[in-house]
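Engineer: Read off the chains here:
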Amino acid sequence: MNIVVDLNRCQGYAQCAFLAPQVFEMHGEEALMYLPVPPEDQLERVRRAAAACPVQAILVGEEAGADVR
Amino acid sequence: MSGDLRDGRIVIVGASLAGLRAAETLREKGFAGSLTLVGEDPRPPYDRPPLSKQVLLGRVPAEDTGLPLRRPVDAQWKLGVRATGLDPIEKRVLLANGEQLPFDRLLITTGTRARPWPNPAEAALDGVFTLRTSEDAGRIAERLDAGPRRVLVIGAGFTGSEIASACRERGLDVTVAERGPAPLVGALGGSFGALAAKLQRAHGVDLRCGVTVTALTGNGRLTGAELSDGSRIEADIAVVALGAIRNTEWLAESGLAAGPRGLACDAGCRAFNMYGIVTDDVFVAGDVARFPHPLFEYQLLSLEHWGNAVEQAEVAAHNMVSPGPLRRPHLAVPAFWSSQFGLNIKSVGVPTFSDQVVLAQGSPKEARLVAVYGYRGRVTAAVSVNQAKSLEYYQRLIETAAPFPPEPVGTDRPEPMTPVPSDVPDPAVLSHGPTVALTGHLPDRRLTLVRR
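Residue numbers (my numbering), protein chains in the order written: chain A, 1 to 69; chain B, 70 to 521.
For the record, the hints were derived by calculation from the structure and aren't laboratory data.
Here are a few chain B residues that face chain A, going by a calculated C-beta distance under 10 Å:
| no. | residue |
| --- | --- |
| 1 | R140 |
| 2 | Q145 |
| 3 | L412 |
Calculated from the model, a selection of chain B residues having no Cβ within reach of chain A, i.e. all distances over 12 Å:
| no. | residue |
| --- | --- |
| 4 | G102 |
| 5 | R208 |
| 6 | I314 |
| 7 | R330 |
| 8 | F341 |
| 9 | G345 |
| 10 | S391 |
| 11 | L400 |
| 12 | P472 |
| 13 | P490 |
Bear in mind that the values here come from a model prediction, so they are computed numbers and not experimental data. Heads up, the beta-carbon is just placed ideally off N, CA and C, and yes, glycines get one too.
Put together the whole structure using the sequences plus the hints.
Structural biologist: This is the structure:
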């Protein structure tokens, strides 16, 4: 599973950084930095973070084109 | 919806963000025909914004940037092969490997590439890089890991500034050389650029503005650079961040309205041919598109923005499978973000479409502010620094052509609010290209701009 955050939409509420701190962290006061390929053992937390995002900016999905590699 | 539009053969040339989102949207809208994605990059679609941030900081490997799917696309992927031509009569895309791909409808999302260093011998020196692909980012990150004595960044647009920021965060010495008067002026104007210059210097960047790099020197391996002011810099890495070139050369013989400024299209993403007549089977989206925007006097805009790639791809895909009356215009308000030197910079509207700017909230001192841009008395853009939550409000002002300067809002507004010139430069004076190109006339700058 990979993630991408729509950072136009993100307003720095930091819910994700609270729910999955190994994957999402605030870089400075407002900028979000994240791991696009989170570790397997973090996926449940990532899903919770995506669901909790107040602006629904986090997309979680299968890696595009994984079948053509 | 008419049945035949949901069937047939669709080819998408350009397999990055816009191409992928278009493919997903086509399937979501019920397209059941054959779908082929062609990409020059051998990697399946990946996300580029992290390349100049997480990847250069060494926190994320360059290959760990693949984009997640929204839904299965059931497509044939042709990656690592470049499209070399388009036959609009026979309706075929020609590929570099000799293959020909027949289509009923075509979507062009070939985007841009990094503008290379103009001297090929100097560009070939070991240690000289551009940053566009994940491979580029991986190579640069590896060199930064090795602890270079100094990094030279040529061009202080968003990419160059983010590279410099990553270097400083790693504790590396960095020199930034920019031909214009300040960083970010191409996108945000001179008033904001002055702020960006202070920010870079406060973070220890050796920022040189108003200069050009006249030579990269070395013997096989880069050792330094010569500047137009006669000075010399020693550096073992140079990252050339001179903006982007639109990938339209392959369309030169196609009869489409394609050139260095992009491929022109109507509000529904249908490409124009060279006579200015709209096609109905060739669509375009993302960085390579030039499209008319009503909020900016129908000037043709080219946007090198992540959000535009997504939104325009969705509109193009919708229109490719929808009959005329059900087609939609691409009217999204342009928006982008950048994080650098610990700050989150976000923009809505088109800051370069302005004659004035006013500090509407916050202050540079507290590193939290909103600058609002106006053109001939109406609000056309807003840029926030660490104040993203305010932008939605200003976006509504842009969408409704609200009067400029805007009514004061918030408890953090400066007193008095005084507009100053936004000081948008002629793009020709910059090292880096602007990430928003107004391809019609530049707005006049006779009015004065708002500032405290």
